[in-house]
Amino acid sequence: MSSINQLLLEAKSVTKYFGTITALENVNLKIHAGECLGVVGDNGAGKSTLMKVLSGLYKPSAGSLFFDGKEKILESPKDSQNLGLEMVYQDLALAGNLPIGENIFLGREPTKNLGLLKFLDYKKIKELTDAHLGKLKINVKSADQKVEELSGGQRQAVAIARSTAFNAKVVIMDEPTAALAIKEVGKVLDLINSLKQTGVGVIVISHRMDDIFAVCDRVMALFQGTNFAESELSKTSRDEVIGWIMGKK
Amino acid sequence: MENKDQEKKSLYLKIMPYLEKYGILLLLVIMIVVMHFLQPDVFLSWRNVTNVFKQISWQSMLALGVFMVIVTAGIDLSVGSIMMLSLMILAIVAKAGAPWYIVVITPLIAGFLCGLFNGLGITLLRMPHPFIMTLGTLYIFRGTGNLISGGTPISGFTDEVRYLGHGRIDLTWLGLEKSQYLPVSLVLIAIVYIIFWIFMNKTRTGKWIYAIGGNPNAARASGINVNKILVIVYSLCGFLSGIGALILAGRTDSGYPNAGLQSELDAIAACIIGGASFFGGRGTVLGVFAGVMIMGILRNGLNLMDVSSFWQQVLIGSIIVLAVYIDVLRRDLGTRK
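Sequence lines, in order, name chains A and B.
Residue numbers for the first sequence follow the working numbering, beginning at 1 and rising by one.
Residue numbers for the second sequence follow the working numbering, beginning at 1 and rising by one.
These are computed hints drawn from the structure, not numbers from a lab.
Predicted model only: the values in this text are computed from it and were never measured.
Incorrect hints may have been included.
[Said to hold, decoys possible] Calculated cross-link-like contacts (lysine-lysine; reagent style PhoX-like; alpha-carbon spacing at most 25 Å):
| no. | chain 1 | residue 1 | chain 2 | residue 2 |
| --- | --- | --- | --- | --- |
| 1 | A | Lys72 | B | Lys228 |
| 2 | A | Lys146 | B | Lys21 |
| 3 | A | Lys30 | A | Lys72 |
| 4 | A | Lys118 | B | Lys202 |
| 5 | A | Lys123 | B | Lys21 |
| 6 | B | Lys14 | A | Lys126 |
| 7 | A | Lys118 | B | Lys228 |
| 8 | B | Lys202 | A | Lys124 |
| 9 | A | Lys146 | B | Lys54 |
| 10 | A | Lys196 | A | Lys78 |
| 11 | B | Lys21 | A | Lys141 |
| 12 | B | Lys202 | A | Lys112 |
| 13 | A | Lys78 | B | Lys228 |
| 14 | B | Lys14 | A | Lys123 |
| 15 | B | Lys228 | A | Lys141 |
| 16 | B | Lys21 | A | Lys126 |
| 17 | B | Lys228 | A | Lys112 |
| 18 | A | Lys124 | A | Lys141 |
| 19 | B | Lys202 | A | Lys141 |
| 20 | A | Lys123 | B | Lys178 |
| 21 | A | Lys126 | B | Lys202 |
| 22 | B | Lys14 | A | Lys59 |
| 23 | A | Lys118 | A | Lys137 |
| 24 | B | Lys178 | A | Lys146 |
[What the hints assert, rightly or not] Quick list of simulated restraints, FRET-style, between CB atoms:
| no. | chain 1 | residue 1 | chain 2 | residue 2 | range |
| --- | --- | --- | --- | --- | --- |
| 25 | B | Asn225 | A | Glu148 | 22 to 30 Å |
| 26 | A | Ile182 | B | Ile30 | 30 to 38 Å |
| 27 | B | Tyr139 | A | Lys123 | 42 to 50 Å |
| 28 | A | Ser142 | B | Ile32 | 51 to 59 Å |
| 29 | B | Asn217 | A | Asn139 | 20 to 28 Å |
| 30 | B | Pro153 | A | Lys123 | 35 to 43 Å |
| 31 | A | His207 | B | Pro128 | 54 to 62 Å |
Where is the CB? At the ideal position from N, CA and C, for every residue including glycine.
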């Protein structure tokens, strides 16, 4: 990426303890508009914890988050969603017993209100779902299909559709290709590239160097809960990044 | 050959969703037909049909409450005790001479507060499972009911208080006989079940209840306040138990210490027979109604045929196991494509 755009999100000296365990210590992260940041690290390096702090699922023990340059304190994932940050979880965070459309709009369903009662607008959910899936070129039999009836790749597509249904500014993807068949990996990577072109900042957590080197502009490595190394993608190599993951510079 | 197989498969796939939705109703209809042939003079008589509805009236309220809790993958063991405590409070307030409109609201408020207590306990005390909290309150609420009443029955309510459980809607203006009345409790069941059907299927909160049962982490990640929804569900369950108390007060004209003893198990049984999954996220209001009816008809039919109540226990237990086994088989068939 030649022109680094507006800074969307910045984490400064984020620290997180779980009881006596230090999961993160003074971790910094920046993501700009239209940029893809790869976050790598071994199991237990703190990647998932960091993402959960960014999305408001965990409260940091210390440190601060800046959205569009303003410091924000997140009480719940709802707060980060309202600030334009979306998360695609590794376990996909979909409710298998609900249809595709209702999963995409879960928590933000269009409603018709009658006093205090909020009735679901099923017709609008279906229209918006069909339009959104069409825009992302995601093929499913019907938006009324239950998510538990879908393949792993289709579920991933639904999870990404879900994250981008509300004009997200930053999308975090946790191992977006881990559960996919090879021919589906390419589609997801295409989707990430097209998200970047629309000015979305994408953070990809992945073990797969192929993914990192296909879509990312910058890569940062966490090691034992700390910032270990960071580089523009063009100035590093696969072997160097793999070394970082193992704690070697 | 292959074509034929495919046709068979597509027909099967077309029928499956309907079978999944309405299979339990089919079972109910079969039971009614069988009972009718076994007891042709009595079973479908006006008197006996209204009797069945009167008998299931308060159980149907408890089952509906427990159903919503089961959809969230929870359980409420305290509904019988909530009903008993609400009934005792109603009896005491009635005996103190409060006007009827106060008396009829007290069990609803008492039930709601008991449910709220359960919900807050489960979420704020972070109980490992609702089973534990509601097992505790099963004892706490019944004990409290006995404490405030001294463990003795309190009888004698006014007609207004008894209306929902005992009232009759005269149908002679339709040309029917005086004995062919409509029990008010039957109308109440219909109204409450329709309201909760709308609540569970058409409102956003209802959808979130299903989502929590399907995957609580997904619900939480979607920004749904899971604890708040759980508190609402347990409160509504308590509220419905309070309605059950009001109906029971009308039916028995008495607040008595053994009211609703073990009825939490009947309520759970009705939900399971009706197709609700213990793992949460599955089940319908219509299914629960069918489950309640199946249990009511079974008890009624066996009584009509003079079968001992011990056999009734054995049969109801067997139906629970059979109903769930059929469900297991159906799921097997559904996934073998």
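Outcome of the hint check:
1. For the given pair, Lys72 (chain A) sits about 24 Å from Lys228 (chain B) by alpha-carbon distance, which is consistent with the 25 Å threshold.
2. Restraint check for Lys146 (chain A) and Lys21 (chain B): the C-alpha separation of about 15 Å stays at or below 25 Å, so the hint holds.
3. Between Lys30 (chain A) and Lys72 (chain A) the alpha-carbon distance is near 15 Å, which keeps this suggested pair within the 25 Å criterion.
4. Of the supplied pair hints, the one linking Lys118 (chain A) and Lys202 (chain B) holds, its CA atoms being roughly 9 Å apart against a limit of 25 Å.
5. Proximity of Lys123 (chain A) to Lys21 (chain B) is assessed by CA-CA distance (about 21 Å); at most 25 Å being required, the pair is judged to hold.
6. This hinted pair checks out: Lys14 (chain B) and Lys126 (chain A) have alpha carbons roughly 22 Å apart, not beyond 25 Å.
7. The hinted pair formed by Lys118 (chain A) and Lys228 (chain B) meets the criterion: a straight-line CA distance of about 16 Å does not exceed 25 Å.
8. The suggested pairing of Lys202 (chain B) with Lys124 (chain A) holds, with an alpha-carbon distance near 13 Å, which does not exceed 25 Å.
9. For the suggested pair Lys146 (chain A) and Lys54 (chain B), the alpha carbons sit about 38 Å apart, so the restraint of at most 25 Å is broken.
10. Simply put, Lys196 (chain A) and Lys78 (chain A) have alpha-carbon atoms about 23 Å apart, close enough for the 25 Å limit, and the pair holds.
11. Among the hinted pairs, Lys21 (chain B) with Lys141 (chain A) is consistent with the structure: their alpha-carbon atoms are about 21 Å apart, no more than 25 Å.
12. With a C-alpha separation of about 10 Å, the suggested pair Lys202 (chain B) and Lys112 (chain A) falls inside the 25 Å cut-off, and the hint holds.
13. The hinted pair formed by Lys78 (chain A) and Lys228 (chain B) meets the criterion: a straight-line CA distance of about 14 Å does not exceed 25 Å.
14. With a C-alpha separation of about 23 Å, the suggested pair Lys14 (chain B) and Lys123 (chain A) falls inside the 25 Å cut-off, and the hint holds.
15. With a C-alpha separation of about 35 Å, the suggested pair Lys228 (chain B) and Lys141 (chain A) falls outside the 25 Å cut-off, and the hint is violated.
16. For a cut-off of 25 Å, the pair hint linking Lys21 (chain B) to Lys126 (chain A) stands: about 21 Å separates their Cα positions.
17. Only pairs whose Cα atoms come within 25 Å are accepted, and Lys228 (chain B) paired with Lys112 (chain A) is accepted, the gap being roughly 21 Å.
18. Simply put, Lys124 (chain A) and Lys141 (chain A) have alpha-carbon atoms about 18 Å apart, close enough for the 25 Å limit, and the pair holds.
19. A distance of roughly 24 Å separates the Cα atoms of Lys202 (chain B) and Lys141 (chain A); the hinted pair therefore holds under the 25 Å criterion.
20. At roughly 48 Å between alpha-carbon atoms, Lys123 (chain A) and Lys178 (chain B) are farther apart than 25 Å, so this suggested pair is violated.
21. Of the pairs offered as hints, the one joining Lys126 (chain A) and Lys202 (chain B) holds, with about 15 Å between alpha carbons and a cut-off of 25 Å not exceeded.
22. Pair hint Lys14 (chain B) plus Lys59 (chain A) does not hold up; C-alpha atoms about 48 Å apart against a cutoff of 25 Å.
23. Restraint check for Lys118 (chain A) and Lys137 (chain A): the C-alpha separation of about 31 Å exceeds 25 Å, so the hint is violated.
24. Proximity of Lys178 (chain B) to Lys146 (chain A) is assessed by CA-CA distance (about 51 Å); at most 25 Å being required, the pair is judged violated.
25. Roughly 24 Å separates the CB atoms of Asn225 (chain B) and Glu148 (chain A), a value that falls within the hinted 22 to 30 Å.
26. Remark: the range hint 30 to 38 Å for Ile182 (chain A) to Ile30 (chain B) is contradicted by a beta-carbon distance near 50 Å.
27. For the pair Tyr139 (chain B) and Lys123 (chain A), the supplied restraint of 42 to 50 Å holds, since their beta-carbon distance comes to about 48 Å.
28. The beta-carbon spacing between Ser142 (chain A) and Ile32 (chain B), approximately 36 Å, falls outside the hinted interval of 51 to 59 Å.
29. Hint check: Asn217 (chain B) to Asn139 (chain A), Cβ distance near 27 Å, so the stated range 20 to 28 Å holds.
30. A hinted range of 35 to 43 Å for the beta carbons of Pro153 (chain B) and Lys123 (chain A) is inconsistent with their spacing of about 54 Å.
31. For the hinted restraint 54 to 62 Å between His207 (chain A) and Pro128 (chain B), the CB-CB distance of approximately 33 Å leaves it violated.
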